[in-house]
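Given chain G, work out where chain P should sit, using these hints.
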Amino acid sequence: MNPQALMDGLVAGSMIGLGAVGITLTYSILRFANFAHGELISSGAYFALLVASALGALFGGMSTPIGPFSFGWAVPVAAVVAFALNGALALLIDWLLFGRLRRQSATIIIMVMASFGAALTLRSLLEFIFTSSPAYYSRSLQIANSLGGGIRATPDQLLSLLVAAILVVAIHILLTRTAIGRSMRAVSENPQLAGVVGIEVRQVIRVVWLLGAGLAAVAGVTAGVLVQIRPQMGFDLLLPLFAAAILGGIGSVPGAMLAGLIVGLSEAIAVQLVGAEWRAAIAFVILVAVLLFRPQGLFGRAE
Amino acid sequence: MNLELIAYGAFFLTMALTYAIIALGLNVQWGQTGLFNVGIAGFVAIGAYTSALLTTPDDPNRFGGFDLPIFVGWIGGAITASIASFLIGALTIRLRADYLAIATFGVAVVVQLAALNLEPLTGGPFGVGFIPRPFAELAGNPLAFGLLNLAVLSLVVGSTYLLLERLARSPWGRVLRSVREDEQAALALGKNATKFRLQAFALGGGIMGLAGATQAHFIGFIAPENYLPILTFQVWAMLIVGGSGNNRGAILGAVLVWGIWAASAGIVSAIVPPEQQARAAALQIVMIGVALCAILLVRPRGILGEERMISRHLGKLRTPSPTANSSADRKA
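Taken in order, these protein sequences are the chains called G and P.
Each residue of the first sequence is one higher than the one before, counting from 1067 in the working numbering.
Each residue of the second sequence is one higher than the one before, counting from 1336 in the working numbering.
Extracted from the complex, chain G is given alone in its bound form (with noise of 0.2 angstroms):
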């Protein structure tokens, strides 16, 4: 096998893993399983290249690469940027849609359906007005350098890897050492009894939306220095999204990151055995392997 589908496998898996801590995040605090998720790595994406396009024509030094990599300041300015704008997508949406459904308590099926419905609007929406045609942060080529052992990375690809691991630590962090963190737990345990003890649980939703959409940000973007941006592009990381977030275990920030470098690795081993077309089947078979084998995840609880 060729040495290399373990590079590729890993910078896909750790997209696929920050998407994955947005997916458990909101999955075992809001309790449903947000289909448009997808759609806000497609929306993230597409914020940075607004910011990074308008940084760059204001500023035309912030285009011109930085150092080794092929894009300019204005991407990691865009990126930040991006987190905030897509947070704010999100609480809009839960205002419209998600926040509505739970005041008239909604089951859990009629919420996972009206994302299936935002996710559908939004990825339509995003076609409507960008068009389905690919776009890029930057359009210069970049040299791929020997790690040894038959193996290469761009640097693009490396920061990628890093960026991912800061982000995994950092929300780890947030949820075990911080008192926001504490009333998320606490939320994501039970939420009437958090509300009883005093934790302001429509302050943590805020919280968890802002993480989420701003992580899937982060992923998007990633995704589209890496690869390109479409309006498909969310869309067809959702089953390895979701089968990262399961096999994982819901609820588990480090249990989806290692769980998306797995679907990752897979993904890419799995390409170099049966062929690029049968990729997006590998997530499935991952996904049928844990609900059969081991449904509550490698780090969750059962039931």
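In case anyone wonders, no lab produced these hints; they're calculated from the structure.
All values derive from a computational prediction rather than experimental measurement.
Take every hint as true, because none was put in to throw you off.
Just so you have them, the derived chain P footprint on chain G, three or more residues with Cβ under 8 angstroms:
hint	stretch
1	1092-1105
2	1174-1184
3	1191-1198
4	1302-1308
5	1350-1361
Non-contacting residues of chain G with respect to chain P, defined by C-beta distances greater than 10 angstroms in every case (computed):
hint	residue
6	1069
7	1120
8	1204
9	1219
10	1220
11	1231
12	1243
13	1248
14	1255
15	1257
16	1267
17	1331
18	1335
Quick reminder that beta carbons are idealized off the backbone N, C-alpha and C, glycines included.
Chain P in isolation, oriented as in the chain G frame:
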């Protein structure tokens, strides 16, 4: 001119009725049992491809076809789709409610992938052509052809409807609703909730497969892009608009939503310049998506809403009176 209009009307209604069958299948799963299926397109595709494989003339470039009669293909499509639903249901129904949704979503992705890549079986991206159409020998007379096909489809929808109504009013149907409304109570009464859910899911999947098969034979050609997630979405919109839990609502919703869809597609192609049509089509989906979410928020019951159903034996126990509540309930 009038004859053409009638022929078009027959074509439109026949298409709408194929969707009505899918919506009836979804109503068994969601409306009556509360099982969320995000992979409708996958189960419809399984039915369509199975039937196409069984009934097309032999093709040296792929496996089959077996040149069997059309109704054998329809039954085969329904059975295969039912088996697929049974398997995916057996895997997930005992777990949390939304795992079924995620798994069915996976089914749709994988079926789409298989249709694209298993060229020896499915014809790959070019699909399967020359699927025998009922009354194909009358194709020269569009009016007779259209009306006869409409009659066949009406017969299929009608018999599916009667069967499902019968089932919904049977003890089996009442257990399904009790499982949906209060699983603990159903369990306490000794009903095996998982078993009933699984039966309903397999039955609904089989009906979706039948719908896929009839649709394939009506059009005469199938390809992977007929079974994109938008199909799933349309059928959901149909059931929610018509009123989930109500079989007549499923049929009404199918005709209505398909009508709106066809009309808006017609308007888009008439007024939007060709190079912008892909964008306009996206906007069409946005409209339907917003409408679906709005209905979930404002009128979750849909147009007709769920019928209150009681045992058909219950009415006989009381003194027959035209004003008795039980008979009024059944007609409501």
